[in-house]
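Protein chains: 2
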Amino acid sequence: MHSLEMKVSDVGEFGLINRIQKILPTIRDENVLLGIGDDTAVIKIDENRVQLLTCDIQVEDQHFQLDQISPYQLGRRAMAVNLSDIAAMGGTPRYALISLGIPPSFPLSDFETLIQGMREQLDEFSAHVIGGNLSGTSEKLVIDITLIGEARHNRFLTRSGARVRDRIFVTGTLGASRAGYYLLKKFGLQYPEKFEQLVQSHLQPIPRIELGRQIAATGMATAMIDISDGLASDLNHICQMSGVGAELYQSQIPVIEHSIEIEKITGKSFQDLMLHASEDYELLFTLKKDANINLIKKISTQYNHAITEIGRIATKSEGYHLITQNKEKIPIKPTGWDHFLQ
Amino acid sequence: MHSLEMKVSDVGEFGLINRIQKILPTIRDENVLLGIGDDTAVIKIDENRVQLLTCDIQVEDQHFQLDQISPYQLGRRAMAVNLSDIAAMGGTPRYALISLGIPPSFPLSDFETLIQGMREQLDEFSAHVIGGNLSGTSEKLVIDITLIGEARHNRFLTRSGARVRDRIFVTGTLGASRAGYYLLKKFGLQYPEKFEQLVQSHLQPIPRIELGRQIAATGMATAMIDISDGLASDLNHICQMSGVGAELYQSQIPVIEHSIEIEKITGKSFQDLMLHASEDYELLFTLKKDANINLIKKISTQYNHAITEIGRIATKSEGYHLITQNKEKIPIKPTGWDHFLQ
Numbered sequence: 007m008h009s010l011e012m013k014v015s016d017v018g019e020f021g022l023i024n025r026i027q028k029i030l031p032t033i034r035d036e037n038v039l040l041g042i043g044d045d046t047a048v049i050k051i052d053e054n055r056v057q058l059l060t061c062d063i064q065v066e067d068q069h070f071q072l073d074q075i076s077p078y079q080l081g082r083r084a085m086a087v088n089l090s091d092i093a094a095m096g097g098t099p100r101y102a103l104i105s106l107g108i109p110p111s112f113p114l115s116d117f118e119t120l121i122q123g124m125r126e127q128l129d130e131f132s133a134h135v136i137g138g139n140l141s142g143t144s145e146k147l148v149i150d151i152t153l154i155g156e157a158r159h160n161r162f163l164t165r166s167g168a169r170v171r172d173r174i175f176v177t178g179t180l181g182a183s184r185a186g187y188y189l190l191k192k193f194g195l196q197y198p199e200k201f202e203q204l205v206q207s208h209l210q211p212i213p214r215i216e217l218g219r220q221i222a223a224t225g226m227a228t229a230m231i232d233i234s235d236g237l238a239s240d241l242n243h244i245c246q247m248s249g250v251g252a253e254l255y256q257s258q259i260p261v262i263e264h265s266i267e268i269e270k271i272t273g274k275s276f277q278d279l280m281l282h283a284s285e286d287y288e289l290l291f292t293l294k295k296d297a298n299i300n301l302i303k304k305i306s307t308q309y310n311h312a313i314t315e316i317g318r319i320a321t322k323s324e325g326y327h328l329i330t331q332n333k334e335k336i337p338i339k340p341t342g343w344d345h346f347l348q
Numbered sequence: 007m008h009s010l011e012m013k014v015s016d017v018g019e020f021g022l023i024n025r026i027q028k029i030l031p032t033i034r035d036e037n038v039l040l041g042i043g044d045d046t047a048v049i050k051i052d053e054n055r056v057q058l059l060t061c062d063i064q065v066e067d068q069h070f071q072l073d074q075i076s077p078y079q080l081g082r083r084a085m086a087v088n089l090s091d092i093a094a095m096g097g098t099p100r101y102a103l104i105s106l107g108i109p110p111s112f113p114l115s116d117f118e119t120l121i122q123g124m125r126e127q128l129d130e131f132s133a134h135v136i137g138g139n140l141s142g143t144s145e146k147l148v149i150d151i152t153l154i155g156e157a158r159h160n161r162f163l164t165r166s167g168a169r170v171r172d173r174i175f176v177t178g179t180l181g182a183s184r185a186g187y188y189l190l191k192k193f194g195l196q197y198p199e200k201f202e203q204l205v206q207s208h209l210q211p212i213p214r215i216e217l218g219r220q221i222a223a224t225g226m227a228t229a230m231i232d233i234s235d236g237l238a239s240d241l242n243h244i245c246q247m248s249g250v251g252a253e254l255y256q257s258q259i260p261v262i263e264h265s266i267e268i269e270k271i272t273g274k275s276f277q278d279l280m281l282h283a284s285e286d287y288e289l290l291f292t293l294k295k296d297a298n299i300n301l302i303k304k305i306s307t308q309y310n311h312a313i314t315e316i317g318r319i320a321t322k323s324e325g326y327h328l329i330t331q332n333k334e335k336i337p338i339k340p341t342g343w344d345h346f347l348q
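Protein chains in written order, with this note's numbering: chain Z, 7 to 348; chain A, 7 to 348.
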């Protein structure tokens with residue numbers, strides 16, 4: 007009997023979220039503008055402001071390995087990943103609560119630099135740790151951060167606002183973090199120097215807070231998400247929540263540097279990396295079809311960070327496709343990183 | 007060299023919190039009315055309202071054992087423990103974010119009843135899950151809940167308001183949860199029926215939300231905390247934060263039922279249980295010395311739950327003592343439960 011019982015791993019992360027949503031009641035609270043299912047929850051504070059709330063649990067050997075990232079970097083990274091969810095709403099981070107599960111043998115000095123990393127990442131945005139909780143764990147380090155942000159009432163961006171013929175944009179390049187992950191896996195910390203930036207993309211992702219705020223402030227953006235699971239999966243989230251399809255132009259998706267070498271080292275095609283690689287924490291957003299693109303170019307120049315048009319929103323019945331260099335139309339599998347399935 | 011390096015277990019939970027406070031900067035944000043160091047953080051929303059924010063991480067085999075508590079009970083309990091922190095401020099719970107670290111082999115049906123338990127505990131207070139995050143873990147279940155509550159701006163209670171000659175009160179009895187823990191440890195789920203209530207105190211603690219709100223609403227209370235670490239430790243938190251001492255009247259501290267038998271079974275004196283037993287989640291509070299006690303009696307009657315006067319606040323130089331039945335004055339050790347030291 008028992009061996010036939012379904013395990014959580016049989017349904018994966020999204021299957022579990024689905025089940026949670028079925029168990030939880032419909033929220034009857036007019037101040038809850040957005041519950042489970044977006045980058046952050048959204049609570050109305052007053053006529054002008056909303057509060058954004060998100061949490062992210064990260065577990066040793068699932069999300070990070072202590073022999074590949076310093077405690078300081080880990081502290082920054084854990085915080086950055088949460089900040090990125092606030093960025094994806096076009097919000098401003100304000101407060102953090104930190105829960106840590108720590109093995110008793112964890113060095114005290116590492117604990118202190120971990121906290122230092124969190125602090126310095128928050129400092130960049132004048133945000134503060136206002137609470138937390140500690141526990142021992144038997145073996146593995148667990149970091150769970152809740153981040154509270156704020157946005158203007160009529161200016162936060164969700165996953166559900168994309169409309170047919172909207173234009174799709176992405177900030178930065180795609181696949182850098184995953185390439186960095188593979189490089190660390192292959193070389194450890196003795197990776198060739200030329201790959202420094204790729205490794206740093208993995209170890210120290212930059213939450214695109216200012217970009218997110220500026221994109222939201224244009225008033226032309228219709229949906230936004232941060233790329234945590236990978237382009238194919240995260241754009242699919244927008245499509246699902248907006249009730250639309252999409253097509254991506256293969257030739258326009260920004261490729262990481264050293265992509266040929268990375269293909270050889272990792273055995274993954276760079277198309278795979280572009281579409282399915284996780285944890286870049288770049289922003290993916292849609293603009294109204296008649297939007298003034300100069301505003302976006304200005305933001306890109308101001309922050310010295312690429313913003314690239316990579317596709318357009320289609321109808322749901324048109325589906326979800328990649329348009330290749332040869333104008334072939336290939337269905338995109340919306341698979342990304344699943345912390346239960348991989 | 008490495009064996010001499012300090013570990014987190016060398017300084018314990020409070021030592022770590024102390025180090026965190028040294029690393030984090032002074033908060034320069036006039037809306038943060040209270041940061042780390044109380045039951046919840048307190049953020050000003052507007053002239054009338056404050057928001058209360060707290061999180062609590064609970065780890066399998068540290069805080070609970072899956073062979074002694076059902077997934078449904080565990081879900082309720084994990085939520086109750088967080089709700090209790092809102093109760094300790096005199097607040098009303100509103101929203102929860104749930105982070106779960108789950109072993110891949112965890113049964114799906116247990117996952118669902120765990121969530122169901124959380125839901126039903128929140129339902130009692132019309133509070134809602136608005137977000138969360140899931141991860142795999144290698145072995146142990148990890149539950150981290152962030153709870154958001156609300157209170158009137160001038161009516162929330164902290165740990166720092168107790169003044170010399172204030173009267174000290176506690177709700178319910180002390181030591182029941184720990185007695186239940188020892189009973190489960192000794193008998194497993196086959197414990198004698200007469201101990202049912204003690205075991206339930208451990209498995210299903212009741213967050214004293216309404217009591218907390220009513221106590222705060224009297225306007226006579228000066229400080230409040232929930233008893234999570236144990237009376238001696240939690241009253242010491244109030245003393246430390248308020249800059250005062252205290253004396254407790256041994257004869258007045260409410261004793262659990264079956265206390266003689268529990269002494270025999272556990273090998274712990276019931277005085278030890280009263281003073282140092284954790285996780286009762288009852289409320290400990292202080293009243294102004296000239297407070298109208300009838301108001302408190304009324305609350306006790308209305309909610310059919312004991313509220314007992316157990317001591318008085320002293321000056322800091324008078325210290326922290328237990329007054330025995332023979333009028334002896336014994337210093338109280340402010341020790342409680344430390345998830346790193348025990």
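Just so you know, the hints here were simulated from the structure itself, not pulled from any lab data.
A few of these clues could be false.
Identical copies go unnamed one by one, so any copy, or any two together, can satisfy a pair.
As the list claims (entries may be wrong) - Listed below are the simulated BS3-like cross-link pairs for lysine-lysine, each with C-alpha atoms no more than 27 Å apart in a straight line:
#1 Lys-28 / Lys-146
#2 Lys-146 / Lys-200
#3 Lys-274 / Lys-303
#4 Lys-303 / Lys-270
#5 Lys-191 / Lys-335
#6 Lys-274 / Lys-13
#7 Lys-294 / Lys-146
#8 Lys-304 / Lys-270
#9 Lys-13 / Lys-146
Do the hints match the structure? See the list:
For a Cα distance limit of 27 Å, the shortest separation of Lys-28 from Lys-146 across copies, 25 Å, qualifies, whereas the shortest one inside one copy, 31 Å, does not. Proximity of Lys-146 and Lys-200 under a CA criterion of 27 Å is satisfied in neither setting, with 32 Å inside one chain copy and 39 Å between copies. When the C-alpha separation of Lys-274 and Lys-303 is checked against a cutoff of 27 Å, the pair qualifies neither within a copy, at 32 Å, nor between copies, at 71 Å. Taking identical chains as interchangeable, the C-alpha atoms of Lys-303 and Lys-270 are never at most 27 Å apart, the minima being 34 Å within one chain and 77 Å between chains.
Taking the shortest alpha-carbon separations for Lys-191 and Lys-335, neither the intra-copy value of 34 Å nor the inter-copy value of 63 Å comes in at or below 27 Å. Taking CA atoms no more than 27 Å apart as the test, Lys-274 paired with Lys-13 passes in neither setting, with 30 Å inside one copy and 40 Å between copies. In this assembly of identical chains, the alpha carbons of Lys-294 and Lys-146 never lie at most 27 Å apart, being 46 Å within a copy and 46 Å across copies at closest. Taking identical chains as interchangeable, the C-alpha atoms of Lys-304 and Lys-270 are never at most 27 Å apart, the minima being 36 Å within one chain and 76 Å between chains.
For the identical chains of this complex, Lys-13 and Lys-146 are neighbours both inside a copy (22 Å) and across copies (14 Å), given an alpha-carbon limit of 27 Å.
Checked against the numbered hints given earlier, this structure breaks hints 2, 3, 4, 5, 6, 7, 8; the rest are met.
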